Amino acid sequence: MTATLLQLGVPNGIIPAIISFVLTVGMFAVSFVVLYLVGKTVLVPATRRALNAREFSPAVVGLGESIAGALALFGAVAVAAAVAGFPTILAAFATITGALALGVAFAAGDIIENFVAGIFILKDKPFEVGDYIEWNGNGGTVRQIDLRVSKLDTWDNEQLTVPNGELANAVVKNTQANETRRVTVDFGVDYGSDVDRAREIILEEVAAIDGVLDEPAPSAPLTTLGDSAIVFNARAWINPQETGAGGVKHQLTESVMDRFDEADIGFPYPHTEVVGSLDVNQTETSAVADD
1 MTATLLQLGV PNGIIPAIIS FVLTVGMFAV SFVVLYLVGK TVLVPATRRA
51 LNAREFSPAV VGLGESIAGA LALFGAVAVA AAVAGFPTIL AAFATITGAL
101 ALGVAFAAGD IIENFVAGIF ILKDKPFEVG DYIEWNGNGG TVRQIDLRVS
151 KLDTWDNEQL TVPNGELANA VVKNTQANET RRVTVDFGVD YGSDVDRARE
201 IILEEVAAID GVLDEPAPSA PLTTLGDSAI VFNARAWINP QETGAGGVKH
251 QLTESVMDRF DEADIGFPYP HTEVVGSLDV NQTETSAVAD D
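Residue 1 is where the sequence shown starts when you use full-length UniProt numbering, and the numbers rise one by one after that.
None of these hints come from the bench; they were simulated from the model.
Since the model is a prediction, treat every value here as computed from it, not as a measurement.
The C-beta atom is built at its ideal place from N, Cα and C for all residues, glycine as well.
Don't take every hint at face value.
As the list claims (entries may be wrong) - Ranges of calculated distance between the beta carbons of each label pair, as one might list FRET restraints:
{"id": "1", "residue 1": "Asp153", "residue 2": "Leu225", "range": "33 to 43 Å"}
{"id": "2", "residue 1": "Asp146", "residue 2": "Asn233", "range": "37 to 47 Å"}
{"id": "3", "residue 1": "Arg49", "residue 2": "Asn169", "range": "26 to 36 Å"}
{"id": "4", "residue 1": "Asn233", "residue 2": "Glu158", "range": "26 to 36 Å"}
{"id": "5", "residue 1": "Ala170", "residue 2": "Thr41", "range": "37 to 47 Å"}
Said to hold, decoys possible - Derived pair list, reagent style DSS-like, types lysine-lysine, alpha-carbon separation capped at 25 Å:
{"id": "6", "residue 1": "Lys125", "residue 2": "Lys173"}
{"id": "7", "residue 1": "Lys151", "residue 2": "Lys125"}
{"id": "8", "residue 1": "Lys151", "residue 2": "Lys173"}
{"id": "9", "residue 1": "Lys125", "residue 2": "Lys249"}
{"id": "10", "residue 1": "Lys123", "residue 2": "Lys173"}
{"id": "11", "residue 1": "Lys151", "residue 2": "Lys123"}
Please work from the sequences and hints to get the whole structure.
So this is what it looks like as structure tokens:
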């Protein structure tokens with residue numbers, strides 16, 4: 001074959017170069033395929049088992065598998081290039097990868113921030129699906145936690161799509177994180193009312209509500225002596241996973257109002273009394289009104 005090429009006028013130095021290039025490319029291709037298959041076969045399952053063993057959510061496990069697959073791909077390219085003797089390609093590959101990473105970091109800073117925040121939310125679990133949370137004047141029941149955003153439903157059944165970065169950097173109040181939660185309702189009664197009877201009625205109605213716990217025991221201390229009212233602070237404990245705080249407040253308010261009416265215990269209301277006199281008689285007959 002070499003003699004034939006020489007007869008066709010092909011320079012003698014070209015032939016070894018072509019053969020060397022073909023062998024190099026073949027070595028790179030074979031090395032890449034073997035390394036990638038082995039790396040993906042070993043790295044991805046190992047990552048999955050490690051994350052599942054630590055009881056991470058499926059979203060985190062899927063993310064870990066994707067990262068492991070990407071590492072296997074880039075690692076196979078880098079090692080195969082080194083084995084095949086492509087130092088120039090390897091250096092260019094590293095430069096291009098670094099430039100792309102830097103460009104993506106600048107162009108998608110907010111996306112990356114939300115992405116990282118989503119990982120920490122899934123790992124630290126400040127809230128989970130089904131919890132009612134409040135933050136920065138907003139509130140809703142968590143319906144879905146993704147890596148970039150979380151979706152919540154408000155009491156009006158409106159959906160909120162919140163970037164995870166906002167939730168990760170805010171003070172989040174989780175009303176269902178603990179096994180017990182205190183529910184409080186203020187009741188004001190007129191001065192001169194039977195204080196003991198008013199407290200007795202409040203405690204009776206609290207105890208009659210389904211879902212109110214016996215321990216800690218309900219209480220109704222007198223907390224405020226207002227301008228026109230004596231204020232009791234009714235306190236009851238519930239299991240927030242089983243009983244809604246809003247329902248307890250509404251039922252308690254209605255039942256206490258009815259009992260106070262029956263016991264002739266009045267609810268106060270602000271009022272203003274004006275004293276003095278006002279003379280509207282005209283004292284000067286020559287006085288003329290201005291136009």
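Against the structure, the hints come out as follows:
1. At about 41 Å, the CB distance of Asp153 to Leu225 agrees with the hint of 33 to 43 Å.
2. Taking the beta carbon of each, Asp146 and Asn233 are about 41 Å apart, inside 37 to 47 Å as hinted.
3. Between Arg49 and Asn169 the Cβ separation comes to about 33 Å, which falls inside the hinted range of 26 to 36 Å.
4. At roughly 32 Å, the beta-carbon separation of Asn233 and Glu158 lies within the given 26 to 36 Å, and the hint holds.
5. Checked against the given bound of 37 to 47 Å, the beta carbons of Ala170 and Thr41, roughly 42 Å apart, stay inside it.
6. Between the alpha carbons of Lys125 and Lys173 the distance comes to roughly 13 Å, so the proposed pair stays at or under 25 Å and holds.
7. Among the hinted pairs, Lys151 with Lys125 is consistent with the structure: their alpha-carbon atoms are about 15 Å apart, no more than 25 Å.
8. A C-alpha spacing of about 16 Å is found between Lys151 and Lys173, which places the hinted pair at or below 25 Å, so the restraint holds.
9. For a cut-off of 25 Å, the pair hint linking Lys125 to Lys249 is broken: about 29 Å separates their Cα positions.
10. Pair hint Lys123 plus Lys173 holds up; C-alpha atoms about 18 Å apart against a cutoff of 25 Å.
11. Proximity of Lys151 to Lys123 is assessed by CA-CA distance (about 17 Å); at most 25 Å being required, the pair is judged to hold.
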